[in-house]
Amino acid sequence: MKKLAENIFAILFSRRVFVAFAVALVSYNVIGMLLLYERSSDYWGHMASMYAFAENPINPPNPYILTYKPIHLFTPYHLLWGVIARILHIHPFWLLPVAAGVNTLLFMAGVRVFSRKILHDEKYALILALTMLFFWNDPWLWSGVYAFGLLPLTAVYPFWFAFSVSLMVIAVYGE
Numbered sequence: 001m002k003k004l005a006e007n008i009f010a011i012l013f014s015r016r017v018f019v020a021f022a023v024a025l026v027s028y029n030v031i032g033m034l035l036l037y038e039r040s041s042d043y044w045g046h047m048a049s050m051y052a053f054a055e056n057p058i059n060p061p062n063p064y065i066l067t068y069k070p071i072h073l074f075t076p077y078h079l080l081w082g083v084i085a086r087i088l089h090i091h092p093f094w095l096l097p098v099a100a101g102v103n104t105l106l107f108m109a110g111v112r113v114f115s116r117k118i119l120h121d122e123k124y125a126l127i128l129a130l131t132m133l134f135f136w137n138d139p140w141l142w143s144g145v146y147a148f149g150l151l152p153l154t155a156v157y158p159f160w161f162a163f164s165v166s167l168m169v170i171a172v173y174g175e
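Following my numbering, the numbering of the sequence shown begins with 1 at its first residue and continues without gaps.
The set of hints was computed from the structure by calculation and includes no laboratory data.
As the structure is a computational prediction, the values presented were derived from the model and not from experiment.
From the three backbone atoms N, C-alpha and C, an ideal C-beta is built for every residue, glycine too.
Do not take every clue at face value.
[To be verified] Distance ranges between label pairs, derived from CB positions:
#1 Pro76 with Lys2: 42 to 52 angstroms
#2 Leu66 with Val23: 15 to 25 angstroms
#3 Lys123 with Gly174: 35 to 45 angstroms
#4 Tyr173 with Tyr68: 22 to 32 angstroms
#5 Phe9 with Pro61: 53 to 63 angstroms
#6 Val172 with His91: 52 to 62 angstroms
#7 Pro76 with Ala109: 11 to 21 angstroms
#8 Thr131 with Arg16: 14 to 24 angstroms
#9 Ile118 with Phe148: 15 to 25 angstroms
#10 Ala10 with His91: 43 to 53 angstroms
#11 Leu130 with Ile90: 28 to 38 angstroms
#12 Phe135 with Gly32: 18 to 28 angstroms
#13 Leu4 with His91: 46 to 56 angstroms
#14 His89 with Phe9: 43 to 53 angstroms
Let the hints inform the model, and build the full structure from the sequences given.
Written as structure tokens, this is what we have:
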């Protein structure tokens, strides 16, 4: 039993396994964003804000009502993706898988940096990521949680970006 536990921890502490998991997680989110989208999801509202910024980054129209009053989804995150869509001359819908991939990469990088700086060893990064993604009480009934089952539907949300950047900021300025 002791040998089995040693082998399991050797796998969990492996840098190669962490990288393989990161690649698999990014792929899961990018492909999931393309194939698992649903009409009732919140990301359509986020995409509408990105589209408004793509149309006019300086003074975007409100995507819901005919006014130039700002809405809660006019954030720097939406501006960033709207400007990218404008520069590339594509609809923000086609950037959603890219945003999901970028946010997931930032999450994995943030977990690794956090582990290195706060836990004093980056070998704990995979265990930390798995804990964050899988150890929720009941993620299927909640939105806005960092759960594996919801990730393909929520990876494009600003909170994934903000959380990932927060992990890095805490790691850099936390001590």
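Structure-based check of all given hints:
With their beta carbons about 51 angstroms apart, proline 76 and lysine 2 fall inside the hinted range of 42 to 52 angstroms. Between leucine 66 and valine 23 the beta carbon distance is about 44 angstroms. The supplied range of 15 to 25 angstroms is therefore violated. Between lysine 123 and glycine 174 the C-beta distance comes to about 19 angstroms, which lies outside the given range of 35 to 45 angstroms. At about 37 angstroms, the CB distance of tyrosine 173 to tyrosine 68 disagrees with the hint of 22 to 32 angstroms.
The beta-carbon spacing between phenylalanine 9 and proline 61, approximately 54 angstroms, falls within the hinted interval of 53 to 63 angstroms. The supplied range of 52 to 62 angstroms is broken by valine 172 and histidine 91, whose beta-carbon atoms lie about 36 angstroms from each other. Proline 76 and alanine 109 have their C-beta atoms about 19 angstroms apart, which keeps the hinted 11 to 21 angstroms range intact. A beta carbon spacing of about 20 angstroms between threonine 131 and arginine 16 agrees with the range 14 to 24 angstroms that was offered as a hint.
The beta-carbon spacing between isoleucine 118 and phenylalanine 148, approximately 22 angstroms, falls within the hinted interval of 15 to 25 angstroms. For alanine 10 and histidine 91, the hinted distance range of 43 to 53 angstroms is satisfied, since their beta carbons lie about 46 angstroms from each other. Hint check: leucine 130 to isoleucine 90, Cβ distance near 35 angstroms, so the stated range 28 to 38 angstroms holds. Checked against the hint of 18 to 28 angstroms, the C-beta distance between phenylalanine 135 and glycine 32 comes to roughly 20 angstroms, which is consistent with it.
At roughly 51 angstroms, the beta carbons of leucine 4 and histidine 91 sit within the given window of 46 to 56 angstroms. A beta carbon spacing of about 50 angstroms between histidine 89 and phenylalanine 9 agrees with the range 43 to 53 angstroms that was offered as a hint.
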